[in-house]
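We have chain A; now place chain B onto it with these hints.
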Amino acid sequence: MSGAIIWTLVALGLAVLVVRRRSLAVALVTAQALILVGVALDEAESSGDVLAAGALAVRAVVLAGLFLLLVSRTRSVRPVRARVAPLARAGIAVAFALALTWLVPAIGLASRDAERGVLALIAFGIATAALRRATLFQIIGIVLVENALALAALQLPGGAAVAIELGVALDLILVAVVAVVFYERIFAEFGTADSAALRALRD
Amino acid sequence: MTSREVLAVAVIALPALAMMLLLLAPTGLVPRLARFAAVPTAVLALALTVLALRASGEPVVGDWLVVDVAGVLLVGIIGIVGLASVLVSPAYLGTGTDSLVSRERRQRIYYASLYGFWAILLAVPLVGNLGAAWLLVEATTAASALLVGFSGHARALEAGWKYLVLTSLGLGVALLGIVMLAAGIPRGGLGGLSWQALSTYSGGSETALVAYLLLLAGLAAKIGWAPVHNWLPDAHSEAPPPVSALLSAALLPTVLLVAWRSQHALAPVVGERTARTVLIVFGLTSLAVAVPFLWRSLPWKRLLAYSSLEHMGVIALGIGFGTPLALAGVAIHIAAHAVAKALGFYAATPLLTYDPRAGEHAVTGIGRGQPSLGATMGISLAALSGLPPSPLFVSEVLIVAGGFQAGHPWAASATALLLALGFLGLAHALIETTAGDSPPRERGPIAGMRGVAALTCVSVVLMLGLAAAAVVLPSSDLVDALVRGLS
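Each protein sequence line maps, in turn, to chains A and B.
Each step along the first sequence adds one to the number in numbering that gives the first Met the number 0, with nothing skipped, and position 61 is 60.
Each step along the second sequence adds one to the number in numbering that gives the first Met the number 0, with nothing skipped, and position 448 is 447.
By construction, these hints were calculated from the structure, which means they are not laboratory data.
Keep in mind it's a predicted model, so treat the numbers as computed, not measured.
Beta carbons: idealized from backbone N, C-alpha and C, even for Gly.
Watch out, some of these pointers could steer you wrong.
Ranges between beta-carbon positions, derived for each pair [unchecked claim]:
#, chain 1, residue 1, chain 2, residue 2, range
1, A, 82, B, 101, 29 to 39 Å
2, A, 190, B, 185, 50 to 60 Å
3, B, 438, A, 187, 30 to 40 Å
4, B, 483, A, 93, 46 to 56 Å
Quick look at which bits of chain A chain B covers, simulated, 3 or more residues with Cβ under 8 Å [unchecked claim]:
#, region
5, 58-68
6, 121-134
7, 144-158
8, 172-181
In isolation and in its complexed conformation, chain B is listed as follows:
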């Protein structure tokens, strides 16, 4: 095994081991053990990312394991967001005692589920096989649904139930697509579904197209692409904030990577243009559905959820355009969206302590009473709206330019128009949330704000770094590696 393969196995094994230890450890040790295991997990993930990016021209490609640029980019993001989610979890757990499980088991089940979810998320980008990727994506449903409904409140139960039923049915449809593909691939067994073997499908282009459509439609239900996104605003808004961050910043792009790999592998069978057009249609539909909601006065986490729908649409468009410019934009967009969105969700814990009505109503004038919290929310929204110097501004420009470069002027123009409308909606929300009229509220320190303020500083540095990287990325070897994929 190469060092990258060893690291890849360790990246998955460590959080899985931590999950088992969390289930067995004495109750008093659980929070400390959770924090203790988070740092080495994130360090391993980042080490793998750095090592694999340095060898971007030589991806590891096997039936079970792949280590390539797109995969390790996500591994690094999942590592960082997972670490931050674990670190801010004590503040969330300290805000109440309600949960799906008994009070004694509350912390244990929360952290064990979080680690289980984290381990599976880290495994998905590294798995070398569509069948195994499907199994892992389905497994994320069980772990994350438990976390979505963790508070046990009526709204959280509703959100968790919808998420469980809709994504399971969607993944059932995706599995039908996989079975259809398996029937037409000469090499049998699990190896027949490896990313490289998919292009050897020989069951006819019509059947391959239907299988591809079923696969993408099923995955769309998990990615949250419109029109099968109904669970997304509910689950993101009702989950504990650290879990919402993982759902939006890590789960959605991770499943999107499975769709991207499928598109890349099946393009020779269904046709390059057709394979990409499906993604462009999903992307434009998601943008068009999300934008009107960005103009509405929504509760904070619900607004962030609709912003996720918008950004998953933008990423789908970038992959659909598929040019080096667009793919450079996709890489920056995935990373910057993760940082900005996770920060926004982390701000929700102190926000809900400060104003418990924020769970069900739009908030205004937070910056007037709580400057630090207002600044965090403002930075998150400004970045998500694409306000320069946000790296999301650069990535969106790259993706739109990539659309023109790819010969899709209408789709690129529509993307630019919808992004401009989305920007105006979020800019309005930014002004209202931070500096709008503020009802009289208590001033003073809020629990959990110190950690969020520290994360805000780190996030600003990361986003400025990403904005700078976006300038040089389009001409780098990394983009060549993204264009080549696993081939």
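Bound conformation, chain A alone:
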């Protein structure tokens, strides 16, 4: 996989952290996943690899469909404003990514670029879940982390086990379906998609 593709994936991840609209964030993580599908198909050496790429594609399309349906059904009168400004979010996420890259030794992937890309995307995913107030962004943060891990699986010497890739895709879809059920009920119960409303349980 070329460095340009890896850094495109990273740029898309950073954009998710910065953009305001939920639908745009969904489009960005879906684009990321579809690029990974293209790479997986390009590098496929066996029917198992093609099957794994297919699972990734199904996962990308199903999640995009679910999330866009959710966005259309839970439109807020006023968009949820993040507590941290976009540039500050990007700065925090980049600092986190640099710290991770510095702390974690060589992972053993095909290239150092791929390793840095994986760590950066994981940092962006965690930062998205932590810094964005709209609840959908917390699930998108999880998807970003899973995209990072799909990139890592593609760059493993010898490739990852197909069963694991299929299982990860299935698990993520299951988690997303449950998240969608919760998201709709939270919106109905609290009248907002703002995670700041979820603060009743404290000791």
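Frame of chain A, contents of chain B only:
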């Protein structure tokens, strides 16, 4: 296939099949079908446990399936707690009509999710592979999150959402650790992640250590070890009581088993002392974080949740000390904690019927108005606090002694001190809950109490049996098998 392998497959397949039947069955049949399938599932689980314990010196070890002492101990516990949870569920479902789903689908979705969760829990201790174990642990998140938020109330939705997001992110971090390990294991494919193949990692000790730390930190988010335990008190307190019992008594130790197997498999790569020290640090941190909450006046289920944090810390310490004494303590502790904690959560259904404020406030003097309920809560708390003759007293003594035996006098001393402080907090809660001042309340029978009273009698017998077993266990072959693990 050996008889143990056949039984192991059947133990997983039966509840999975029941889940599918529950989704398809006519609505009126759902509760009966749920009760009907629970007994054979538990019987199969116990049969596997007995069969495997009798052949403790010869574990079944494959790329996909393992049947060993540690695994079947948990299978037996999950079987019993799952059966009890199914049997007490009608009392919970009878207390209200609110839920995440429509009223018509309420029972069907509840029981199908419960069976799905139960089936996955039974599979985790039997799976022979870190990658597959991760997939199953992640799958428990989807099934159990739905159950945590099942009531559809605002607090339950918040708890379910936190649980879903925090544990999914944590497991993402654990998966990064697994990918790092996979990159350094010569044998590719899924077999490369089998418990036995993990020790062949050859990617460098520094990378292996980081992978191990990421794996354990990620699993810690699911086990509820401090400092990544934030979801635990919320989910345990807001889930339906039968689900809280499964979460605390079955899910947490099951994921802990994955951490234990990982520690055992990776110890030759990262170093025995380092691998154990990580667990000791998680254990002491969890104990230190839990104890102050045990001194506070908390709602019943929330108090039990913080007690889970304490007990998962104790188990981590026992595994970290790793001596035969400590591991004997771990085996008793896991079983006794499951019995006592599940009983405490089952008592919450009649408690909430009796005093609906108990969901958000500490309760006092329950024994004055409701002696049976007070006795159940008292027995659960007394056992959890480690009051003799509770088996948890014996197991804690064994674990602390194991710490001294392993050459960790400071950690063992700190454990003993924190356990003593935790005991005092829970003892105070025990006195207040059962015999404290009681506001005027209605007296009379409470729905669901008969079943809980029967479970109390069974639990007392089980706990006395465990206390007796704890005396002979340290010198038995079973502990040798626990020390050897899958090797």
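Can you name, in rising order, the numbers of the hints this structure does not satisfy? The structure breaks only hint 5.
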